[in-house]
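Trainee: Sequence:
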Amino acid sequence: MTIFFVISVKVADGMNRILIIAIFLAVPSLVTAQKFGREQIVGAWTTREVSVTQPSGQTPVENATVEKTKRGLVNSRFIFKPNGLFVLQLPINAPTEFRELESMNNKMWHIRSKERMVFVGSLDDDLMTINVKIVNGSYYFLIRDTPLVLRMERSR
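So in the numbering used here, spot 136 of the sequence shown is number 137, and the numbers just go up one at a time.
Simulated from the structure, these hints should not be mistaken for lab results. Do not rely on the hints blindly, as some may be mistaken.
Here are the simulated PhoX-like cross-link-like pairs (lysine-lysine), alpha carbons at most 20 Å apart as the crow flies [stated by the list, open to error]:
no., residue 1, residue 2
1, K82, K108
2, K115, K36
3, K134, K115
4, K36, K134
If you're wondering where the values come from, they're calculated on a predicted model, not measured in any experiment.
Just need the whole structure built from these sequences, with the hints factored in.
Mentor: Following this line, the structure appears as structure tokens:
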């Protein structure tokens, strides 16, 4: 983003001169907000924290479900390959019910830049939709149709 400032300066001899000062500012938050593309997503992402947008369950069963979900997803890896294929690697201690999520492996992934959304599956049948939020340099994957918010870290 480029911002130009025009300043009018009155010089001693009475003539108005226009002094044009061009200041090129790169406002990281605005640039980041405007640019969201494949290059920001390609790579391996590790889930560092799982939270839920709805209040924690009131019953012991609901609390157990939240804890099981966290155990299944913390340290999982979301891999967005440059060739358009997606791979999900679950941690060793993931509950067996989570293994069916691996059925998304080797499915195509697509991006909608303006909406900051990533889709896994075909264009007609999305298996998973991720809304990507960037807050203070941290990436969060919000899984559509679930209360899950995953704090992600790009693997090096």
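Trainee: Now, for every hint given, state plainly whether the structure supports it.
Mentor: Evaluated hints:
{"no.": "1", "hint": "K82 - K108", "in the structure": "holds (10 Å)"}
{"no.": "2", "hint": "K115 - K36", "in the structure": "holds (9 Å)"}
{"no.": "3", "hint": "K134 - K115", "in the structure": "holds (12 Å)"}
{"no.": "4", "hint": "K36 - K134", "in the structure": "holds (13 Å)"}
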